[in-house]
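**Q** Here is what each chain is made of, one letter per residue.
There are 2 protein chains.
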Amino acid sequence: MFICVNCSKNSNLFSIWDYGKIEDMKNESSLLIKGAVLKGASSDVRIRDGLFSEIAPSLSPLPDENVIDAHGMAITPAFYNLHGHAAMTLMRGYADDLELFTWLNEHVWPFEAKLKAEDIYNGTRLAILEMIKSGTVHLEDMYWFTYEAARAAKEMGIRARIGLLALSTNGDADKLNRECLDRIDEFRGIVKISIAPHAVYTVNESRLLQCLHASEEYGLDLHIHASETEKEVADCQKEHGMSPVAWLDKLGILKETTILAHCIHVSDEDLEIIAKRKSWAVHVPFSNMKLASGAFPYKRVREFGVKACLGTDGCCSSNDLSMFGAMRGAAYLAKLFHKDPTIAPAEEVYAMATRQGALAAGVDGGVIEVGKAADCLLINTDLPCLVPNHNLISNLVYSASSECVDTVICNGKILMRGRVVPGEEEIIAKARESVKRLA
Amino acid sequence: MFICVNCSKNSNLFSIWDYGKIEDMKNESSLLIKGAVLKGASSDVRIRDGLFSEIAPSLSPLPDENVIDAHGMAITPAFYNLHGHAAMTLMRGYADDLELFTWLNEHVWPFEAKLKAEDIYNGTRLAILEMIKSGTVHLEDMYWFTYEAARAAKEMGIRARIGLLALSTNGDADKLNRECLDRIDEFRGIVKISIAPHAVYTVNESRLLQCLHASEEYGLDLHIHASETEKEVADCQKEHGMSPVAWLDKLGILKETTILAHCIHVSDEDLEIIAKRKSWAVHVPFSNMKLASGAFPYKRVREFGVKACLGTDGCCSSNDLSMFGAMRGAAYLAKLFHKDPTIAPAEEVYAMATRQGALAAGVDGGVIEVGKAADCLLINTDLPCLVPNHNLISNLVYSASSECVDTVICNGKILMRGRVVPGEEEIIAKARESVKRLA
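Residue numbers (our numbering), protein chains in the order written: chain F, 1 to 439; chain Z, 1 to 439.
Only chain F is shown next, with the shape it has when bound in the complex (with noise of 0.2 angstroms):
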């Protein structure tokens, strides 16, 4: 809220950008963006039923649409998050700088056995702000409570996968993924339900086959985390007698469309498996830091071919979900542990994080060109950190913040403008509440 210094009166920043509410918006299938810099130029880009319609230097509006200004500000892709569970927000800051098991132990999971389906809501919805907020279209989520979860992304119009967490046990959980599966058909569109065994070393053989079962039936995506750490390999290989990568291609867990999340201790066989199958390996880097998992084969990833994306993790690995954070921190970890700074340039990283990240995630977006999905940010070049602009890419990937995203668009839906998102004062107060239950 702003006060006025003409006329002394409140200004509510969200009037003030004139797009009000989004429900109020006048036709919510058309959108034009006028003046915004594209490739350098000043670009009209048209937006019609959630798709890149026309983009021209100049577009008149059509009647009753909705329009933009965004001169002098760039037009850019947004971003895909690929890895993450999202409620764990609500542990953010809660136990840092832990030895595994203590974390786990005497933090996490006491933590974890209080929650309940609001906490999930609640913590899932910060999380979606805080990704709006930093320029991100799509949730790629595992955690409890999934139809919470689901509903929190649908409720605020990003995309998203939520994930059916499945452990080897999964006590209570296995009732309410159930009767989310009852339900799938609430969830299949911008946001969608995945199966999401956890690890190798949480599902045995039998859970891990029953979840490719309900893949198969309810046509639903696999996400699972694999060769994290060395312990789960070393163990992996001892049970079953090969990786878990190997032994999750045994099963036919490998499809084009499963995301393996984090993918750092992989022998060559490995990689040549994750590339023949074309599975997504999800690169992780502030979580992969911070744990002290190890390192992102960066350059042999590259050389086998494999499809890669970006994620952030859940808040309690990594503690923020900023995918700027994200693509600088693959940058510069795959420069100084390939001792090369010519490895992992920033168009690479920042297509990880757009182009590939949206193809990860299912979508035909992460460029701006006509006919892709309609999701993208405007991009305030006028903070210092983005002058000069010798190079976009370069600015977002090595010196961009959250705050350098004005605009967020995603399925053709504006879902924040002059950084403002609708409701964000709400989601803040409801997300403490659960934490002053919790903690």
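The hints are simulated quantities; they were obtained by calculation from the structure and are not laboratory data.
Just so you know, not all the hints are guaranteed correct.
Said to hold, decoys possible - Listing some non-contacts, in silico: residues in chain F with all C-beta distances to chain Z over 10 angstroms:
| # | residue |
| --- | --- |
| 1 | Ser134 |
| 2 | Leu209 |
| 3 | Glu369 |
| 4 | Leu392 |
To be verified - Covered stretches of chain F (in silico footprint by chain Z; criterion: 3 or more residues with CB under 8 angstroms from a CB of chain Z, positions within the stretch not fixed):
| # | region |
| --- | --- |
| 5 | 121 to 132 |
| 6 | 158 to 172 |
In this text the structure is predicted, and so the values were computed from the model without any measurement.
Glycine included, C-beta positions come from ideal geometry on N, C-alpha and C.
Following the hints, position chain Z against chain F.
**A** Below, chain Z without anything else, positioned relative to chain F:
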């Protein structure tokens, strides 16, 4: 600039925030911050003559005192950036992801050859603007046209130590450096001049000794790159039969106030020397990663009791100047490098960016305590990336970004309020003018 929805007139944010230009304040020497959260409790903080003078649950405003309403915000120490090349902002994103010598020969040096005094002034102002926007109050600089950079810092109210850069042969810069030393008494306040021999591989023995003598004659501190690359160490061994650290020590460069930037490839003997001389090791994590220079030996630096602080480097090395990135990079890199998630906990790297950084900068500050330098930030803890607030320091290190900094106070003066720095549009316009001519 916002359009008021009530009267349809333009409202300048600057006036809205009710602090006007800094020079319009009622009484420059006295400021009362009301209701800020300090270590979990609402506190009033009085600042007089550049120091924190009173801290209590409630203080009444004095006649003519400037008052900041900080309810709902946290008050924290500001950040001190102990290594950079400020005017390199002009080259942000100009040449990334290249081999060292391609980068220098084909991009950096041709660009630098065209730099004039005015460009350094413009580029330094842009750097300081970016630093203030990310909560930094001290610039440790090493670049050309020292007088212009120091003038920029003085005008903008930030603390700085601007280094007179020395190579074996300085060319025209020698004359400028001498002129700057002639005017040294202009820079005895919060903006100081230092002596900055570039590194052992670019500055020969006689020149290093000349720097040492100038530093003693004028009472100036020393700032030098040390042990940044393997090649630097190998070449020094070959030329002088000892490491860069041992060589600098032999020449007498390692004083208690000497700033050693990078300190990556240091032996145990080197660390023993640095600890004994009580010089400062500046960890510059993102630059070291992006340029693939190597990993700072965090654990050994701690074990040997070396005084350590943080820096960002110039925007040509790592592209932004945010100390949030430096803190996160330091923590994450140490954990990965030492394969131990308990290394470099948030409190420790936070201290490196605040209390340790202040001491390295020669300032008895970096903490909010009566009698200490009045450098502080007001943090907006309502941004989603800082919610919930289980642990503010963890949040600041692991999930905050520049946008969280609402207000910056340096030496008791307000440099930013409501994220607005006076004159920022002109600073950006001037930097763009320089770049247009240079690129």
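**Q** When I compare C-beta atoms, does the region 121 to 132 of chain F have three or more residues closer than 8 angstroms to chain Z?
**A** Check passed, 3 qualifying residues.
**Q** Verify this for me: three or more residues of the region 158 to 172 of chain F with a beta carbon less than 8 angstroms from a beta carbon of chain Z.
**A** With 0 residues in contact (Cβ-Cβ under 8 angstroms with chain Z), the coverage given for the region 158 to 172 of chain F is violated.
**Q** Per the stated criterion, does the least C-beta distance between F/Leu209 and chain Z lie above 10 angstroms, as a non-interface residue requires?
**A** The claim holds: F/Leu209 sits with its nearest Cβ about 34 angstroms from chain Z, beyond 10 angstroms.
**Q** A cut-off of 10 angstroms on Cβ-Cβ distance, and F/Glu369 was said to be off the interface with chain Z. Does that hold?
**A** Non-interface label stands for F/Glu369: nearest chain Z Cβ at 24 angstroms, farther than 10 angstroms.
**Q** With d taken as the least Cβ-Cβ distance between F/Leu392 and chain Z, does d exceed 10 angstroms?
**A** Non-interface label fails for F/Leu392: nearest chain Z Cβ at 8 angstroms, not farther than 10 angstroms.
**Q** So F/Ser134 supposedly isn't at the interface. Is its beta-carbon more than 10 angstroms from every beta-carbon in chain Z?
**A** Its Cβ does come within 10 angstroms of chain Z, the nearest being 8 angstroms, so this is violated.
The structure fails to meet hints 1, 4, 6 from the earlier list, while all remaining hints are met.
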